[in-house]
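Undergrad: Let chain X serve as the given structure and place chain P on it in line with the hints.
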Amino acid sequence: MPEGFRRVPQCDHRSEEIDFNVRTSARPRKGTESGSAGNNLVMNESADDPGSDGALIRESLEVPATFAVLFERHAGSLHRFLSKRVGSVDAEDLVGETFATAFRTRDNFDIGREDARPWLFGIATNVSHHYWRTEARRLNRDTSAAAGGPTSVDPGDDATSRVFFESQMDPIASALGQLDGPGLDVLLLVAGPGFTYEEISVALRIPVGTVRSRLSRARQQLRDILGSSGHYLGEPSGEQPLVTSEGPK
Amino acid sequence: MSIELQLVRQYLAAHEVAVEDLPNARAILDAAIAETPAEIVPEGACSEQRPGPGRQRRRRVVWAAGVALLVVALGLIAAPWAPAAKIHRPLAASAEIARLADAIEPAAPLQPGQWLAIQQSGEIAAQVSNVGNTPTPDARASDSITIDVWSNSSGTTCTSQQFGTATFASPANAQAWQSIGLIATPNNQPVTGCVAGVEAANGGGQTTTPINVASLTHSPSTLANELQDGTTGISSIDQSARGATTQQDVFGRLVTLLVGPSMGSWPGFDQELLHTMAILPGVISLGKMTAHSGLVGLSFSTPDVAELNPRTGAVTSTTTSPVVILNPATGALLEARNFSIPVLQNAAQDFVGSPNAPVYTEGVGYGISTTWIDPVQGPGVIAEGGLPTWITGFHVIEAVGNPNVNLQTMADVFNEFVGTGNSLFDDPQVPGSSQTTFDLTIPDTGTDVNTVVAALNASGLFQSVTVKA
Chain X
233 MPEGFRRVPQ CDHRSEEIDF NVRTSARPRK GTESGSAGNN LVMNESADDP
283 GSDGALIRES LEVPATFAVL FERHAGSLHR FLSKRVGSVD AEDLVGETFA
333 TAFRTRDNFD IGREDARPWL FGIATNVSHH YWRTEARRLN RDTSAAAGGP
383 TSVDPGDDAT SRVFFESQMD PIASALGQLD GPGLDVLLLV AGPGFTYEEI
433 SVALRIPVGT VRSRLSRARQ QLRDILGSSG HYLGEPSGEQ PLVTSEGPK
Chain P
3 MSIELQLVRQ YLAAHEVAVE DLPNARAILD AAIAETPAEI VPEGACSEQR
53 PGPGRQRRRR VVWAAGVALL VVALGLIAAP WAPAAKIHRP LAASAEIARL
103 ADAIEPAAPL QPGQWLAIQQ SGEIAAQVSN VGNTPTPDAR ASDSITIDVW
153 SNSSGTTCTS QQFGTATFAS PANAQAWQSI GLIATPNNQP VTGCVAGVEA
203 ANGGGQTTTP INVASLTHSP STLANELQDG TTGISSIDQS ARGATTQQDV
253 FGRLVTLLVG PSMGSWPGFD QELLHTMAIL PGVISLGKMT AHSGLVGLSF
303 STPDVAELNP RTGAVTSTTT SPVVILNPAT GALLEARNFS IPVLQNAAQD
353 FVGSPNAPVY TEGVGYGIST TWIDPVQGPG VIAEGGLPTW ITGFHVIEAV
403 GNPNVNLQTM ADVFNEFVGT GNSLFDDPQV PGSSQTTFDL TIPDTGTDVN
453 TVVAALNASG LFQSVTVKA
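So the sequences go chain by chain: X and P.
When we follow the working numbering, the leftmost residue of the first sequence carries the number 233, and every step to the right adds one.
When we follow the working numbering, the leftmost residue of the second sequence carries the number 3, and every step to the right adds one.
None of these hints come from the bench; they were simulated from the model.
Keep in mind the model is a prediction, meaning the values are calculated, not measured.
Hints may be right or wrong, so weigh each one.
[Unchecked claim] Listing some non-contacts, in silico: residues in chain P with all C-beta distances to chain X over 12 angstroms:
no.	residue
1	E98
2	A109
3	S146
4	T167
5	G289
6	H294
7	N311
8	G333
9	N452
10	A456
11	A460
[Unchecked claim] Derived coverage of chain P by chain X (criterion: at least 3 residues anywhere in the stretch with Cβ under 8 angstroms from a Cβ of chain X; other residues may be distant):
no.	region
12	28 to 36
13	225 to 234
14	424 to 435
[Claimed, not checked] Chain X is faced by these chain P residues, among others (derived, beta-carbon under 7 angstroms):
no.	residue
15	L7
16	L9
17	R11
18	Y13
19	L14
20	A16
21	E18
22	V19
23	V21
24	S217
25	H220
26	S221
Just so it is clear, CB atoms sit at the ideal spot from N, CA and C, and this is done for glycine as well.
Bound-form chain P, shown alone:
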């Protein structure tokens, strides 16, 4: 061990406190155990080891839990006779969401050669607020969107997104849209892309960028705090609200995670998200709601936020909260409304008519929110043969540079193959402090994989060259 680590180790060295001298810590754990509804404490087992205060606290918690259950039960009994109200008590929403979370069946892990396929469709609302310094309040449109996601167990995720032709609420909207250089029928549809290797691990992506959730905590309480604080580590989630974060913003972040498209998730991911939703402050039940698919589910949201005129008190604007509709039996997502999908922000460029368009040359402020989106297919497991051909032609070549080789020297070898659809990602310091790992992404229309591998090997600059996908 090197000296700086030895110094830190010496600093950290301290006498270890005996477990018996940590009664408060034990009491906190005991309280958590006591909250478990199905707890069966074996006589003479661990309970005898607990210190007195812990047992007292446990009894208090059990008593409190009983009272809470009674309150919930009374609330449910009283509900039919209560005045007609759209919004249930938050406690009821929390209990209901927790029940739905428990109802979710964790997906079985994918086997090699298997892909998880999901298709979503919905409608988005786009608004350009300004071009340069000129406000453009009328430049708004609606559009249909279809998103397909395929992912495998080795970390490759592919997405396809297809916009329809934009529709306008009025001729004035259409004229404002076109006058700033936007078009109604988007270019390059569908937009497809894949990420894999170190690029995927680092949250990268090309035209479509799924949310990389691999590093998210598995603890609902921690996730709730991170959503509140904007510290999940996923920039598109953390930066999705500006200024003081409202309950609406926090709920919106969670809905964005729930809808995805995401990569790096795990079998219990959706279950954790619902458990997190159950403990988020301000989440309310809106009762039964019908999704665009026609399915009826239980819906949840946060209160809409109204802005008031400080002088007159009149409502000047209302911000509509995200809504999720969940299958009442399985907890599966049936629909989400009024929220942001990060992947769509990158797709807006496909509505730009030409490089000379004002939106391109002068700068633009715009927003895209999802009016609604339904999972219409899947998640289903398919074999490689069921994939679109553009995915089977997609490859990632991962090359690990020899130690201490100049970065530019290695980049020069790659540059011959960059462009025309191929793209390059590098991760310095990986796998060692003087090394760099490169991922060259090659779509089905790109360069022949074997040609690239041969050239990289021939350069003698790389420790290993591997076709990862």
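One chain only, chain X, in its complex shape:
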């Protein structure tokens, strides 16, 4: 078993509460990564239509092969999405992994929903994260072997993903590569398949409020990055249309 955590004894929680009186922010925000399940937040759509995604998935629980119809419907758009996240060379395999994962976990799908796209794109997002983590491990292993010893392992996928975006030689891609991961996920689901906040909440299993705040933060980051690189000038915040100095890239 791992040893216990090394810690200095904290103030008693009960006295910690008293400290809040002198704080500007009542308590530091605790990781927006976690949140309540999205499916509690969105009203179910009807899946009465026998040809809906939900009805097909329900049927596939008894006749698995019917799941392949979903592939016919959505593989193209998922491929387009994934090719922008991992490159066109590996995107096809990841489309396959996405559908294979979806098939194996289809009993988790809320069959009350008609549209499986948020669920599928959420899986695709996770698959792309796993892809970059695997790439990071592979790169570290290769580097380690070449150097003849251990190297620092980046457990996340951000660094390798960033290299991919920057290699596109496109200022927008380069800016996307600099966004934090959770914000990038939300931004790509808005700008790519055009999901609503609620659909992204389902896709990423985060509360709608978290979707909003992540998108807001990502957009602000994007504006700052594009502005500082001379490609884009705009207002610091807000939903108003912004003005570019050089026009859309």
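TA: Relative to chain X, chain P alone:
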């Protein structure tokens, strides 16, 4: 749509590849479908649409699956005649765990007004390794623990944990424990608390902090990878091992999730955890084992890890792996051993004798692991009337600030009510970029709820003020 989103949309715009041009992707899906044991492929249906290579691959997978089943069957037949061995083959463990996962009946979702109640009891081992820079190898104790968890469908989770009086293996242990300012009978028992609203959604908590699993993936394979990489997003799980992660660490993370206490789970949560356990590398079957409740179940673990003296090769220490015992018929957890419960780490302060104790003033390194813990009651569904009174008196007031109001200005209104048991949590940028949501948690001994609501409304600073629980 704003311009930066338009720019991203333009970047993402690309020609969509026709489905027929994705044969490899289709083959991967076909292979997954072919792995389904109960598959019935209707003649003339989707199979006719599959490209040739996909069908060939599917046949190969079916053939491979048949061979695998044969190997498992031969293993089971050969087992009685094999040399007496404590540890089964990993393949058998995997198949056995998968069977137990399938046997779990997903719980029915809670209705409004209903609460899920769970009680666990067990024994913990605590060790203080150092106080300041001074090693304290003898400062160790055992203690009984009882944990109760109540949760409802609207996101409120309450916990109560109660330690017994610490016991010591020897007088030297007792003396070492007391000499650093620790006490045998803990203060403030039981320690109770609730979380709700945005605080719960953000993984917060007061004296007791259940593991918030709401954002965990529903995919066993993804979860297995995230447990391996320490990327579940739950810090108490991800940070529970240091340095290179071993199979033992990964299994320990899963056991911690399985035991909880957790909040934000879903009806198929335990089922997913067992499916994940079935595919974790290194998990072995230990055969039948008796839990402290007297029930006999099937037990699983990973190999113990021995550290060797690099010069002599002698074993210098052995780290015992976590063990779970599962009901052989239902897959339910009967007992877990040798693992960490994050909620207990926060409770250690109750063994501190006074603010002048050396452990308090000099800093301390300590560890608490669960020797064993059994679910002794539940999960059961109860009505609100069956709750302890301290829960029915618990409230959370959620206030959403008006846009662009200074945070300090709003905090000043709350500060009148913070302390004396009440606590405050804020989530900036929610629900909008210039807004902040506050949760004021009020225990049954705290301020009158209506007084607070009236004061917040009177300030005119808040868009909405709602009693959430």
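Undergrad: Look at each hint and say if it fits the structure.
TA: We went through each hint and held it up to the structure:
Look at P/E98: its CB is around 19 angstroms from the nearest CB on chain X, clear of 12 angstroms, so calling it non-interface holds up. Residue placement check: P/A109 keeps its beta carbon more than 12 angstroms from all beta carbons of chain X (closest about 14 angstroms). With a least beta-carbon separation of about 19 angstroms from chain X, P/S146 lies farther than 12 angstroms from that chain, consistent with its non-interface assignment. Consistency note on P/T167: stated as away from chain X, and its beta-carbon is indeed over 12 angstroms from all of that chain's, at 21 angstroms minimum.
Listed as outside the interface, P/G289 is consistent with that label: its C-beta sits roughly 22 angstroms from the nearest C-beta of chain X, beyond the 12 angstroms cut-off. Every C-beta of chain X lies more than 12 angstroms from that of P/H294, the closest at about 19 angstroms, which supports listing it as non-interface. Against the 12 angstroms criterion, P/N311 stays outside the reach of chain X, whose nearest CB is about 20 angstroms from its own CB. Chain X leaves P/G333 outside its interface by the beta-carbon criterion, the shortest separation being 16 angstroms against a cut-off of 12 angstroms.
At roughly 21 angstroms, the least C-beta separation between P/N452 and chain X is larger than 12 angstroms, which holds for a residue marked as non-interface. Every Cβ of chain X is farther than 12 angstroms from the Cβ of P/A456; the closest lies at roughly 20 angstroms, confirming the non-interface assignment. The Cβ of P/A460 lies farther than 12 angstroms from every Cβ of chain X, with a closest approach of about 20 angstroms, so its non-interface assignment holds. Interface restraint, the region 28 to 36 of chain P with chain X: holds (8 residues with C-beta to C-beta distance below 8 angstroms; minimum three).
Check result for the region 225 to 234 of chain P against chain X: holds, 4 residues qualifying (beta carbon to beta carbon below 8 angstroms, three or more required). Using a Cβ-Cβ cut-off of 8 angstroms, 12 residues of the region 424 to 435 of chain P lie near chain X, which meets the minimum of three, so the contact claim holds. This hint holds: P/L7 has a C-beta 5 angstroms from the nearest C-beta of chain X, less than the 7 angstroms allowed. Using the Cβ-Cβ criterion of 7 angstroms, the hint placing P/L9 at the interface with chain X is satisfied: the shortest such distance is roughly 5 angstroms.
Among the interface hints, the one on P/R11 holds; its C-beta lies about 4 angstroms from the nearest C-beta in chain X, closer than the 7 angstroms criterion. A least Cβ separation of about 4 angstroms between P/Y13 and chain X falls short of the 7 angstroms threshold, and the interface hint therefore holds. Proximity of P/L14 to chain X holds as hinted, the smallest CB-CB distance being about 5 angstroms (cut-off 7 angstroms). For P/A16, the suggested interface contact is upheld, since its CB lies about 5 angstroms from the closest CB of chain X, less than 7 angstroms.
Checking P/E18 against chain X by beta carbon gives a least distance of about 4 angstroms; that is within 7 angstroms, so the hint holds. Here the hint on P/V19 is kept, as its CB sits about 5 angstroms from the closest CB of chain X, short of 7 angstroms. Checking P/V21 against chain X: minimum C-beta separation of about 5 angstroms stays under 7 angstroms; hint holds. The beta carbon of P/S217 comes within 5 angstroms of a beta carbon in chain X, closer than 7 angstroms, and the hint placing it at the interface holds.
Satisfaction of the interface hint for P/H220 is found here, the shortest Cβ-Cβ separation to chain X being roughly 4 angstroms, below the 7 angstroms cut-off. Here the hint on P/S221 is kept, as its CB sits about 5 angstroms from the closest CB of chain X, short of 7 angstroms.
Hint compliance for this structure: every hint is met.
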